[in-house]
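Read top to bottom, the protein sequences are chains A and B. All residue numbers for the first sequence refer to the working numbering, where the first residue is 1 and numbers rise by one. All residue numbers for the second sequence refer to the working numbering, where the first residue is 115 and numbers rise by one.
One thing to keep in mind: the hints can contain errors.
[Said to hold, decoys possible] The following label-pair restraints were derived from C-beta to C-beta distances:
| # | chain 1 | residue 1 | chain 2 | residue 2 | range |
| --- | --- | --- | --- | --- | --- |
| 1 | A | S27 | B | E129 | 37 to 43 Å |
| 2 | A | R9 | B | K223 | 46 to 52 Å |
| 3 | B | Q128 | A | N77 | 44 to 50 Å |
| 4 | A | P39 | B | P196 | 19 to 25 Å |
| 5 | A | S27 | B | G115 | 28 to 34 Å |
| 6 | A | R15 | B | G211 | 35 to 41 Å |
| 7 | A | E82 | B | E193 | 17 to 23 Å |
| 8 | A | T38 | B | H186 | 40 to 46 Å |
| 9 | B | Q128 | A | S79 | 46 to 52 Å |
[Unchecked claim] From the derived model, a few chain A residues whose C-beta atoms are all more than 12 Å from chain B:
| # | residue |
| --- | --- |
| 10 | L11 |
| 11 | I12 |
| 12 | T14 |
| 13 | R15 |
| 14 | V19 |
| 15 | S65 |
| 16 | E75 |
| 17 | T80 |
| 18 | T100 |
| 19 | V113 |
| 20 | L114 |
Simulated from the structure, these hints should not be mistaken for lab results. For each residue, glycine too, the CB sits at the ideal point set by N, CA and C.
Chain by chain, the residues run as shown.
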Amino acid sequence: KAGVTQTPRYLIKTRGQQVTLSCSPISGHRSVSWYQQTPGQGLQFLFEYFSETQRNKGNFPGRFSGRQFSNSRSEMNVSTLELGDSALYLCASRNGDRGTGELFFGEGSRLTVL
Amino acid sequence: GENVEQHPSTLSVQEGDSAVIKCTYSDSASNYFPWYKQELGKRPQLIIDIRSNVGEKKDQRIAVTLNKTAKHFSLHITETQPEDSAVYFCAASRESGGYQKVTFGTGTKLQVIP
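I would like the entire structure built from these sequences, with the hints used as guidance.
Here's what the structure looks like:
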């Protein structure tokens, strides 16, 4: 079974631009969540989607948005990029829609904002 | 909201020695506590988890203990090997309104010196 796939793996943008990142979950997983990873800050939760609906959102500004498609693939978008948005963006998928359980992470998209 | 504190942020041990990483959480409703290992340039992967109805769980050289009263849990790695070198993240999870709410610690960089 293929793992969680994220594209692109690396990208460089300049301040003020926008970026779209993509995540394809493990086949059969309908829950996709996104995290921002920066040195010293760990993994900070952005949002979670299930069956095309956003179920939970972290404490990030409205410049960060996401969506999920009917095939469970998800995208996140960051508009008006700032230098502080430079980070590794990880998505994770999960089997099941209730309860608690293991997250399966992708390898991440490393965003550098110049 | 939930707050997870993780210590130490860095840890160096000699090969063969034991390593202990500690986490505390604030939300008494958290009932699932996973540990993820992230090797350099790789995705985080679950190495062990524990649920709130269990006090200790072992898997070969790794073990996790949970003290619900004190709201802290720990990861123990015995007979450390160079391949144990990685960043380790603890997390506290609970179900909320039908979805999983996960809060991660800030990570511990473990270096095993051969």
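Outcome of the hint check:
1. A:S27 with B:E129: 37 to 43 Å: Given range 37 to 43 Å: holds, Cβ gap about 39 Å.
2. A:R9 with B:K223: 46 to 52 Å: violated (22 Å)
3. B:Q128 with A:N77: 44 to 50 Å: holds (46 Å)
4. A:P39 with B:P196: 19 to 25 Å: Given range 19 to 25 Å: holds, Cβ gap about 23 Å.
5. A:S27 with B:G115: 28 to 34 Å: Roughly 32 Å apart at Cβ, these two residues keep to the hinted range, so it holds.
6. A:R15 with B:G211: 35 to 41 Å: The hinted range 35 to 41 Å holds for A:R15 and B:G211, with Cβ atoms some 36 Å apart.
7. A:E82 with B:E193: 17 to 23 Å: Violated, since A:E82 and B:E193 (Cβ atoms, about 45 Å apart) do not stay within the stated range.
8. A:T38 with B:H186: 40 to 46 Å: Distance hint for A:T38, B:H186 is violated at roughly 25 Å.
9. B:Q128 with A:S79: 46 to 52 Å: Distance hint for B:Q128, A:S79 holds at roughly 49 Å.
10. L11: Holds, because the least Cβ-Cβ distance between A:L11 and chain B comes to about 16 Å, which exceeds 12 Å.
11. I12: holds (18 Å)
12. T14: Holds, since 25 Å exceeds 12 Å.
13. R15: holds (26 Å)
14. V19: holds (20 Å)
15. S65: holds (18 Å)
16. E75: Holds, because the least Cβ-Cβ distance between A:E75 and chain B comes to about 19 Å, which exceeds 12 Å.
17. T80: Holds, since 26 Å exceeds 12 Å.
18. T100: violated (4 Å)
19. V113: About 20 Å separates A:V113 from the closest Cβ of chain B, which puts it past 12 Å; holds.
20. L114: holds (22 Å)
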